[in-house]
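J.: Residue numbers (my numbering), protein chains in the order written: chain A, 2 to 294; chain B, 91 to 301.
Hints may be right or wrong, so weigh each one.
[What the hints assert, rightly or not] 27 Å max Cα-Cα, derived DSS-like pairs, lysine-lysine:
{"id": "1", "chain 1": "A", "residue 1": "Lys259", "chain 2": "B", "residue 2": "Lys155"}
{"id": "2", "chain 1": "B", "residue 1": "Lys150", "chain 2": "A", "residue 2": "Lys259"}
{"id": "3", "chain 1": "B", "residue 1": "Lys110", "chain 2": "A", "residue 2": "Lys197"}
{"id": "4", "chain 1": "B", "residue 1": "Lys114", "chain 2": "A", "residue 2": "Lys172"}
{"id": "5", "chain 1": "A", "residue 1": "Lys197", "chain 2": "B", "residue 2": "Lys114"}
{"id": "6", "chain 1": "A", "residue 1": "Lys197", "chain 2": "B", "residue 2": "Lys280"}
{"id": "7", "chain 1": "B", "residue 1": "Lys110", "chain 2": "A", "residue 2": "Lys259"}
{"id": "8", "chain 1": "A", "residue 1": "Lys172", "chain 2": "B", "residue 2": "Lys110"}
{"id": "9", "chain 1": "B", "residue 1": "Lys178", "chain 2": "B", "residue 2": "Lys287"}
In short, the hints are calculated from the structure, not lab data. For clarity, every value in this text was computed on a predicted model and none was experimentally measured.
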Amino acid sequence: MEAEPLRLKVGLAEMLKGGVIMDVINAEQASIAEEAGAVAVMALERVPADIRREGGVARMANIEIIENIMRAVSIPVMAKVRIGHFVEAQILESLGVDFIDESEVLTPADEAYHVKKHDFSVPFVCGAKDLGEALRRIYEGAAMIRSKGEAGTGNIVEAVRHMRSIVTTIKELGNQSDEELVQVAKQFRTSYELVKLVAERGELPVPLFSAGGVATPADAALMMQLGAQTVFVGSGVFKSEDPHARARAIVKAVTHFKEPEALLEVSRSLRGAMPGIEISTLSPEERLQDRGW
Amino acid sequence: MAGNTVGVLALQGDFDAHIKALQKLGASCQEVRRESELDSISGLVIPGGESTALLRLADKELISKLLNRVVDGLPVLATCAGLILLAKEVLNPQQNSLGVIDVSVERNGYGRQVDSFIDPALAWTKEGRLLIQDRLPEQSTENTEGVFIRAPRIKDLGPGVEVLIARDTEPVFVRQKNILASSFHPELAKGQSVVHKLFLSFVRDNESSQD
Numbered sequence: 002m003e004a005e006p007l008r009l010k011v012g013l014a015e016m017l018k019g020g021v022i023m024d025v026i027n028a029e030q031a032s033i034a035e036e037a038g039a040v041a042v043m044a045l046e047r048v049p050a051d052i053r054r055e056g057g058v059a060r061m062a063n064i065e066i067i068e069n070i071m072r073a074v075s076i077p078v079m080a081k082v083r084i085g086h087f088v089e090a091q092i093l094e095s096l097g098v099d100f101i102d103e104s105e106v107l108t109p110a111d112e113a114y115h116v117k118k119h120d121f122s123v124p125f126v127c128g129a130k131d132l133g134e135a136l137r138r139i140y141e142g143a144a145m146i147r148s149k150g151e152a153g154t155g156n157i158v159e160a161v162r163h164m165r166s167i168v169t170t171i172k173e174l175g176n177q178s179d180e181e182l183v184q185v186a187k188q189f190r191t192s193y194e195l196v197k198l199v200a201e202r203g204e205l206p207v208p209l210f211s212a213g214g215v216a217t218p219a220d221a222a223l224m225m226q227l228g229a230q231t232v233f234v235g236s237g238v239f240k241s242e243d244p245h246a247r248a249r250a251i252v253k254a255v256t257h258f259k260e261p262e263a264l265l266e267v268s269r270s271l272r273g274a275m276p277g278i279e280i281s282t283l284s285p286e287e288r289l290q291d292r293g294w
Numbered sequence: 091m092a093g094n095t096v097g098v099l100a101l102q103g104d105f106d107a108h109i110k111a112l113q114k115l116g117a118s119c120q121e122v123r124r125e126s127e128l129d130s131i132s133g134l135v136i137p138g139g140e141s142t143a144l145l146r147l148a149d150k151e152l153i154s155k156l157l158n159r160v161v162d163g164l165p166v167l168a169t170c171a172g173l174i175l176l177a178k179e180v181l182n183p184q185q186n187s188l189g190v191i192d193v194s195v196e197r198n199g200y201g202r203q204v205d206s207f208i209d210p211a212l213a214w215t216k217e218g219r220l221l222i223q224d225r226l227p228e229q230s231t232e233n234t235e236g237v238f239i240r241a242p243r244i245k246d247l248g249p250g251v252e253v254l255i256a257r258d259t260e261p262v263f264v265r266q267k268n269i270l271a272s273s274f275h276p277e278l279a280k281g282q283s284v285v286h287k288l289f290l291s292f293v294r295d296n297e298s299s300q301d
């Protein structure tokens, strides 16, 4: 691993801890997010709920949309590329976005390879359902891992499953012998050194954030209590009935995630959350989390 | 001696990294999110993060007590967004700040994330070297590492502000009485952070003056 660039990439991820990163589709939404206290915005053409509804191939957002958002806010701007689409990543790096999300929410471009993220100076975040997937992405150069959850459903159950799986497996590694860790590395299809590092530290070498299905302040605080260090909110803010108030409430819930009284206060008098989708009603093709490996 | 506790503002940002850097030097830390958590601390770190988010998350009671304690002489170390929060004037864009340190800063003055960089050898100014020799006689004053991430640029400073580290001719680490502030991230430096050591020397003085 090239140590210096990676330190700068992980450094920016550190700055985002304890915060909320919001999906936005235009400059106006970006300003609302910034004003509400978001630590970064994810510039998109369509939020996951719409991608899910409208179907078709979902690609990197229109450049003009991303540029308008970069001009509108002073906080970091992230944007998504398709899994394996390293040219979309080259374009976003030239544009100067602050973070790239190699995301299962977009239609995958490569069925065998993810982007070689060490080749870039811009940091990458990638989704993971379990520790093996997280470590494969870190090996490729991801500077931040987020639980995948099931984006665009407003249903937190998958994010919880993924976060619990990652955190529990990290704990289990701590009790395993070197021989066992060699086997774990094989099973995870990643390097022994990386598995050993995680076993020793008891945490990932990069920040662990959560995404996929956060719709309420309580959802956000739940992910924080389960071990997330920051929360991504996709459709949950701007598909709700009261984006301003909900954005502010979710930001406060993440800072005060351990204080039930504060969570009660921010949950009070919010209007309707985004409509949710029961995961079992999704067909296998509709499950975004199964994209990537 | 009073409890050797340093408060680290934990509303948002890289407070974890500061806590780790301080613990390496033997300090015990308290995360600060509420006004009452400012009571028992002998020093305060305001970490890097996003200054707009920090402003939104700090409630009136927290800000008011924080200002009172800083004016009373509580030692403070503010890095990156912390510097922006305490500055007298913030540009690019203009935004509110607490105005306790007499500097003017430009947000993202060194550019976006793709322009972030590590300077392996920041040099102490004469004032910086004298301060270290005075407070940390064992400490060498050789160059120190600076991690700059979407860093603010110090554009102007008032007469009460001393420059401790300059990069080329630009101040990147300054002191105004009890306040130390950097545009870079000493908490992300390799090994022990001299900046944190210096800060802890002020914390110790503050404790003994209260005993």
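J.: A separate judgement is required for each hint: does it hold in the structure or not?
T.: Hint check:
no., hint, result
1, A:Lys259 to B:Lys155, "22 Å, holds"
2, B:Lys150 to A:Lys259, "20 Å, holds"
3, B:Lys110 to A:Lys197, "21 Å, holds"
4, B:Lys114 to A:Lys172, "24 Å, holds"
5, A:Lys197 to B:Lys114, "22 Å, holds"
6, A:Lys197 to B:Lys280, "21 Å, holds"
7, B:Lys110 to A:Lys259, "21 Å, holds"
8, A:Lys172 to B:Lys110, "20 Å, holds"
9, B:Lys178 to B:Lys287, "26 Å, holds"
No hint from the list above goes unmet by this structure.
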